[in-house]
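Chemist: As given, the protein sequences belong to chains A and B, one line each in that order.
According to the working numbering, the first sequence is numbered sequentially starting from 1.
According to the working numbering, the second sequence is numbered sequentially starting from 1.
Calculated from the structure, these hints are not laboratory results.
Treat the hints with care, as some may be off.
[Said to hold, decoys possible] Straight-line distance between alpha carbons at most 30 Å, and here's what the computed DSBU-like set of lysine-lysine pairs gives:
id : chain 1 : residue 1 : chain 2 : residue 2
1  : B       : LYS206    : A       : LYS252
2  : A       : LYS252    : A       : LYS201
3  : B       : LYS168    : B       : LYS206
4  : A       : LYS252    : B       : LYS183
5  : B       : LYS147    : B       : LYS111
6  : B       : LYS183    : A       : LYS248
7  : B       : LYS183    : B       : LYS398
8  : B       : LYS147    : A       : LYS287
9  : B       : LYS396    : A       : LYS248
10 : B       : LYS279    : B       : LYS237
11 : B       : LYS183    : A       : LYS245
12 : A       : LYS248    : B       : LYS398
13 : B       : LYS309    : A       : LYS7
14 : A       : LYS201    : A       : LYS117
15 : B       : LYS309    : A       : LYS252
16 : B       : LYS144    : B       : LYS309
17 : A       : LYS7      : B       : LYS237
18 : B       : LYS272    : A       : LYS245
19 : A       : LYS252    : B       : LYS398
[Unchecked claim] Computed footprint of chain A on chain B, listed as stretches where at least three residues anywhere in the stretch have a Cβ under 8 Å from a Cβ of chain A:
id : stretch
20 : 123 to 129
21 : 184 to 198
22 : 276 to 289
23 : 307 to 316
[Claimed, not checked] In silico contact screen, one side only, chain A against chain B (beta carbon under 8 Å); selected entries:
id : residue
24 : LEU71
25 : PHE250
26 : VAL253
Predicted model only: the values in this text are computed from it and were never measured.
Using N, Cα and C, we set each Cβ at its ideal position, and we do this for glycine too.
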Amino acid sequence: MTRHLAKIALTEMQAELRDQAMRFCADKSPIATVRKLLTLEIGFDAAVWAEMAALGWLGIAVPEEFEGLGLELADLVPVVEAMGKHLMNAPFVSTTLAAQAILSGGSDAQMAAWLPKLASGTIATVALFEPSGAWDLDAVDGVSKTFVMDMDVAEIVVTTVKFEGETRLALIPRDRITARRETIIDEMKRSYSFNVPEVSKADLMPHEHTAVTLDRIELVANLLQAAELSGAAMACVDYTVDYLKTRKQFGKVIGAFQALKHPTVDAFVDSEGARSLLYAAATHCEKQGEGEIAVRMANAKAEGALSYAADRSIQFHGGFGFTYDCDAQLYRRKAMFAASQFGDAAFHRARLAELLL
Amino acid sequence: MISVEEFAQQADAWFAEHTPRDVPFMMPLTFMEVGTDEQFDFLRDWQNKVYRAGYLGAHWPEVYGGGGLTQAHQDAATRAMRNNHAPIMLNAIGIGWAGPLILDTGSEAEKRRYLPGILSADDIWCQGFSEPDNGSDLGNAQLKAVKDGDAYVLNGSKIWTTQGNYAKYMILLARTNMDAPNKYAGLSFFLSPMRIPGVETTKIRKLTGEFGFTQTFFTDARISADCLMGAEGEGWKVAMRTLEYERGARGGQAGGYTISQTDPMEVVCLAKRAKRNGKPALEDPVMRDRLMVQIIEAQAMMANRERAKISPLVSEYPFALPMLSKLQFTEYARETGELALELEGAQSGYYVGEDASRENGYWQRSYLNAFSATIGGGTSQIQRNIIGEHVLGLPKTK
């Protein structure tokens, strides 16, 4: 029934983009940089962001008429996968989600005003979650928003509001909002909350596209989250394996102990499966109806893979694993925060059950 | 040469027409479940029929009985089998392990002698690797092969010989040198006849209560010296290569499948009919979640097979996907069987032969039989050692 959704297509361009992104992120995001950025207010390197923009990455899935590259969602996956693998934080996903929201639901004037800017590196974000903690993007009170990523550096925010009793999408300039930084479990990311300001008609996106745009944002968010988590899972397994190859106890390199070796292999098998489902999701994400199936499968698997790999990584690092200095916590926290955004693995499986069973 | 597309269409039509339905006995789901003569005869005829129609060994050279086409042709035929839920191919060790081994490394005489009978199922093959005291520690195999003129004399015993009572040939790992510098160097590999004096098989009763394996006893059994494959003392290398075919880590098999895949949608059908707490099990949120876990896992395995064909997407660990497939697939099948039994609720307590059971105890048998694959061909624990050591580069477990 879902067999055809397991097919994977990879264009030459995507293969090149993947190589390029992996090299770029390895170069720009060594672990020392990741650690340094943890303590900085902004959480990413503005010079690196400018380079990403110069490479055209912000315009990947923006049509050429808006000065983008006119490629597809699938072409975003290699970039986010590489960022995930190298724990590189940048407002790439935030800006991409905002751009896709405007592309799906904005007026001609809104698209013309914002898409060329976003495609060239102007930062934007989306604000969809409310303090009720629900993942249902349609359940909108419109009073306050939480888990708004990269808010402080964004020029514009795509958010849901209540307008004349109706749920609407609005584009609100950052300078009309007073935001508060939130303390979140993933310290690589920057999250904010705010009270929704007074909204005028001029801020609104056309009402007829609201539902389809929310679906679109959810799809893209889940696809890119799968990419980030899948990339991180690969790296987390490698990180654990490196330690198991060097640490000695009882006169032996501890990787020789099956109690450590076998769960590490299980984590590796999971992360390989997550990768395959990710590429399948990239291949099929634009298919009407079925895209959601492929994407939710990939995200559910990737979250499970990273959670398990990182959980075991903490344990297998022993006393060092319990310290702030061990990178295992970075991976574990990443998985936990991702689970809190756009639905955890069980939520995706429940939605898939509705679609498939 | 016929195009792959056209060949695929023909194969699909052929299997749609010829795939047997409604057989009056329990159809074995794997080659390890062939326990009665009725099952054996049926499946031998079926493989022969598929072969004669051109859908097995389609890519093997014509001179050795194959179809002379390409791997893509055989893959299309295998897909057609799957799509039509055709029965398994019987001669698993022949078409999957011994066949590709002989095709890749055998002499011209060996290829001509053995390969046609493997495809037609006229010559059933079995495997003599495990011994009662040496299973996972295969390198310690002790069955003796002593050179005597132009013969070897065999003494010892092999166990878990699938279809041993039906087989004409055995791929045999035996010890030819007791004084070798290490246990591996004393081993040699034979293509050994089964129907000779001094070779006897005893059926082993499985945990299901059925048959399908034998123990094979060798008592002064004389085989010709030209049964030796490779050089004396190189048996371990040949055996390891054979295991790569067996585990799917190396290609070249004749095609088809010898283990039916457990389709998670069958379990979904079961969940629609089975009741839990007065409602269809499919409405139970816990069961729905667990079903989705299995469905996603099945999808991941399919996607892994797709990704394995795309070299830029496997560059980090090029051999990982084929090497992990055995572990992943067999554990998945076992877990799916277990889940099916839980879905049956009260009816999971019945067993094969009970009229009140669901599908005559299909899932009970299927779950218990699933261990044949998580244990046979290298246990899941050995698989994890292999993946850990050969793919991830972890130090060897001693």
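Chemist: Has the given pair, B/LYS279 with B/LYS237, been kept, meaning a C-alpha gap of at most 30 Å?
Modeler: Violated, because 56 Å separates the two Cα atoms, which is more than 30 Å.
Chemist: Between A/LYS252 and A/LYS201, does the CA-CA distance stay at or below 30 Å?
Modeler: Given pair A/LYS252, A/LYS201 is violated - Cα atoms ~69 Å apart, limit 30 Å.
Chemist: Given the hint that B/LYS147 pairs with B/LYS111, does the C-alpha gap stay at or below 30 Å?
Modeler: holds, 24 Å
Chemist: Assess, step by step, whether the Cα of B/LYS272 is no farther than 30 Å from the Cα of A/LYS245, and give holds or violated.
Modeler: The given pair, whose Cα atoms are some 48 Å apart, is violated under the 30 Å limit.
Chemist: Need the status of pair B/LYS183, A/LYS245: alpha-carbon distance at most 30 Å?
Modeler: With a Cα-Cα distance of about 27 Å, the restraint between B/LYS183 and A/LYS245 holds, given a limit of 30 Å.
Chemist: A/PHE250 was flagged as interface toward chain B. Is the shortest Cβ-Cβ separation under 8 Å?
Modeler: violated, 12 Å
Chemist: Check whether the Cα positions of A/LYS252 and B/LYS183 lie no farther apart than 30 Å.
Modeler: Given that 30 Å is the threshold and the Cα spacing comes to 24 Å, the pair holds.
Chemist: Does A/LEU71 hold up as a contact with chain B if the rule is Cβ-Cβ below 8 Å?
Modeler: Hint violated; A/LEU71 Cβ to chain B Cβ min 17 Å, cut 8 Å.
Chemist: Given the hinted pair B/LYS144 and B/LYS309, is their alpha-carbon gap at most 30 Å?
Modeler: Roughly 42 Å separates the two Cα atoms, so the pair is violated.
Chemist: Run the distance test for B/LYS183 versus A/LYS248: straight-line Cα separation, threshold 30 Å.
Modeler: The given pair, whose Cα atoms are some 28 Å apart, holds under the 30 Å limit.
Chemist: For the pair we were handed, B/LYS183 and B/LYS398, check the Cα-Cα distance against 30 Å.
Modeler: Measuring from Cα to Cα gives roughly 14 Å; hence the hint holds.
Chemist: Under the criterion that the straight-line Cα-Cα distance not exceed 30 Å, is the pair A/LYS252, B/LYS398 satisfied?
Modeler: Distance ~10 Å between A/LYS252 and B/LYS398 Cα, so the pair holds.
Consistency note: the structure conflicts with the earlier hints numbered 1, 2, 8, 10, 15, 16, 17, 18, 20, 21, 24 and 25.
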